[in-house]
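**Q** Heads up: the sequence lines are chains A and B, in that order.
Residue numbering for the first sequence is 1 to 216, as defined by UniProt numbering.
Residue numbering for the second sequence is 1 to 216, as defined by UniProt numbering.
These are computed hints drawn from the structure, not numbers from a lab.
Fair warning: this is a prediction, and the values are worked out from it, not measured in the lab.
Backbone N, C-alpha and C define an ideal beta-carbon position, used for all residues, glycine too.
Accuracy of the hints is not assured; some may be wrong.
[Claimed, not checked] Cβ-Cβ distance ranges computed for the label pairs, FRET-style: (1) GLY34(B) to PRO154(A): 19 to 29 Å; (2) ARG108(B) to ALA8(A): 12 to 22 Å; (3) ALA42(B) to GLY120(A): 42 to 52 Å; (4) GLU52(A) to GLU150(B): 20 to 30 Å; (5) GLU158(B) to ALA102(A): 29 to 39 Å.
Protein chains: 2
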Amino acid sequence: MSLFAVRAPEDVSLDDVAEAAGVSRPLVYRYFPGGKQQLYEAALRSAAEELEHCFAEPPDGPLTRRLSNALDRYLAFVDQHDAGFSALLQGGSVVETSRTTAIVDGVRRAAAEHILSHLGTQEPPGDRLRLTVRMWITAVEAASLIWLDEEKEPPLDELRDWLVEQFVACLVATAARDEQTAAAVRAALPLESADGPMGSLARRVLPVVSDAAHLL
Amino acid sequence: MSLFAVRAPEDVSLDDVAEAAGVSRPLVYRYFPGGKQQLYEAALRSAAEELEHCFAEPPDGPLTRRLSNALDRYLAFVDQHDAGFSALLQGGSVVETSRTTAIVDGVRRAAAEHILSHLGTQEPPGDRLRLTVRMWITAVEAASLIWLDEEKEPPLDELRDWLVEQFVACLVATAARDEQTAAAVRAALPLESADGPMGSLARRVLPVVSDAAHLL
Numbered sequence: 001m002s003l004f005a006v007r008a009p010e011d012v013s014l015d016d017v018a019e020a021a022g023v024s025r026p027l028v029y030r031y032f033p034g035g036k037q038q039l040y041e042a043a044l045r046s047a048a049e050e051l052e053h054c055f056a057e058p059p060d061g062p063l064t065r066r067l068s069n070a071l072d073r074y075l076a077f078v079d080q081h082d083a084g085f086s087a088l089l090q091g092g093s094v095v096e097t098s099r100t101t102a103i104v105d106g107v108r109r110a111a112a113e114h115i116l117s118h119l120g121t122q123e124p125p126g127d128r129l130r131l132t133v134r135m136w137i138t139a140v141e142a143a144s145l146i147w148l149d150e151e152k153e154p155p156l157d158e159l160r161d162w163l164v165e166q167f168v169a170c171l172v173a174t175a176a177r178d179e180q181t182a183a184a185v186r187a188a189l190p191l192e193s194a195d196g197p198m199g200s201l202a203r204r205v206l207p208v209v210s211d212a213a214h215l216l
Numbered sequence: 001m002s003l004f005a006v007r008a009p010e011d012v013s014l015d016d017v018a019e020a021a022g023v024s025r026p027l028v029y030r031y032f033p034g035g036k037q038q039l040y041e042a043a044l045r046s047a048a049e050e051l052e053h054c055f056a057e058p059p060d061g062p063l064t065r066r067l068s069n070a071l072d073r074y075l076a077f078v079d080q081h082d083a084g085f086s087a088l089l090q091g092g093s094v095v096e097t098s099r100t101t102a103i104v105d106g107v108r109r110a111a112a113e114h115i116l117s118h119l120g121t122q123e124p125p126g127d128r129l130r131l132t133v134r135m136w137i138t139a140v141e142a143a144s145l146i147w148l149d150e151e152k153e154p155p156l157d158e159l160r161d162w163l164v165e166q167f168v169a170c171l172v173a174t175a176a177r178d179e180q181t182a183a184a185v186r187a188a189l190p191l192e193s194a195d196g197p198m199g200s201l202a203r204r205v206l207p208v209v210s211d212a213a214h215l216l
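Please work from the sequences and hints to get the whole structure.
**A** Structure follows, in structure tokens:
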């Protein structure tokens with residue numbers, strides 16, 4: 001797993017794996033008769049489980065704090081698995097198959113289910129709310145890849161705060177069209193505070209749109 | 001191209017191509033000695049060019065109208081190339097290589113450059129603005145795949161309006177942290193009207209956040 005984390009899969013050989021594990025090459029083949037592809041998929045499955053643990057967060061406190069906590073863990077994972085994370089998600093990799101794609105899609109689905117459960121809707125989440133959450137998750141992945149590609153700038157806590165703000169913005173925009181999302185936003189607001197992410201976003205957005213009276 | 005549009009690449013054979021083109025299989029091989037992979041890449045390059053033409057839009061009128069026009073053309077392309085579009089972007093396809101990934105990334109880059117040019121910043125666009133635009137483009141791709149997967153619901157004009165609103169929301173949230181983006185938003189506002197997407201979004205967002213006075 002540490003080899004696949006720091007190198008693209010095509011740059012990891014079975015000899016490297018045997019050496020890192022301190023065992024012989026035949027022993028690696030005994031446990032992984034499918035060779036590198038099987039080894040890679042096993043490592044990916046294990047990383048996917050680790051990643052899904054990142055999303056678990058108790059359903060207490062402001063929604064933005066819960067999201068920040070989960071994002072902190074997710075971004076730490078991205079930071080640690082940089083080369084492997086990029087290789088996996090950028091596509092066109094030699095080890096990419098419908099099986100690896102399914103593992104990655106499973107992680108995305110788990111992330112979406114976690115977020116939707118925190119939104120605490122009475123009815124099962126509708127199409128618009130689901131779409132909003134899935135789009136944001138894709139956007140977070142894209143931002144993570146760009147962050148890795150751009151020498152890990154800005155610092156992680158800035159990136160995390162900005163991603164939380166993007167989530168709030170997307171959710172509020174969907175709330176304008178979707179009653180279920182609007183109810184979730186209204187339910188979340190009382191737990192948010194002026195010194196939290198929503199307060200800071202609200203205060204900084206107002207001066208930007210102060211000249212928009214003609215739209216109302 | 002029409003075969004790759006309606007079927008996944010693994011379901012298109014060279015015999016199918018020869019038959020659809022009304023020529024012999026040897027003639028197809030004469031022009032495409034690399035076989036199906038070369039044919040697929042040629043079709044993809046041609047589709048990428050067609051897609052890049054979708055983004056061209058004169059730099060006049062409200063920003064949201066320009067974005068709506070380009071999105072209408074993009075979504076019509078998605079609608080027409082459904083199976084091929086999904087196969088290409090979902091990953092794990094047998095014909096996916098670093099070359100096909102590069103072609104798709106080229107389309108994404110072109111889309112980002114078009115949008116950034118319409119934002120009319122004085123200085124070259126900074127990291128935050130670029131990241132916001134790139135994240136929205138990824139989110140549009142994700143929404144397109146989900147739309148294809150969910151029996152093309154909601155209707156295209158609803159999806160388009162909602163994607164425009166998501167863009168406005170993401171841009172305004174970034175403007176809260178980034179002076180260049182704030183300047184672009186302020187410059188765009190006077191051209192927007194109360195009966196356009198920004199007006200409709202603003203009026204419908206206000207009641208949702210009316211209980212947020214404690215955040216200010």
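**Q** Confirm or reject each hint.
**A** Right, here's what the structure says about each hint:
1. GLY34(B) to PRO154(A): 19 to 29 Å: violated, 43 Å
2. ARG108(B) to ALA8(A): 12 to 22 Å: Holds - the Cβ-Cβ distance for ARG108(B) and ALA8(A), about 21 Å, lies within 12 to 22 Å.
3. ALA42(B) to GLY120(A): 42 to 52 Å: The hinted range 42 to 52 Å holds for ALA42(B) and GLY120(A), with Cβ atoms some 51 Å apart.
4. GLU52(A) to GLU150(B): 20 to 30 Å: holds, 24 Å
5. GLU158(B) to ALA102(A): 29 to 39 Å: holds, 30 Å
Against the hints set out earlier in the document, a violation occurs for number 1 only.
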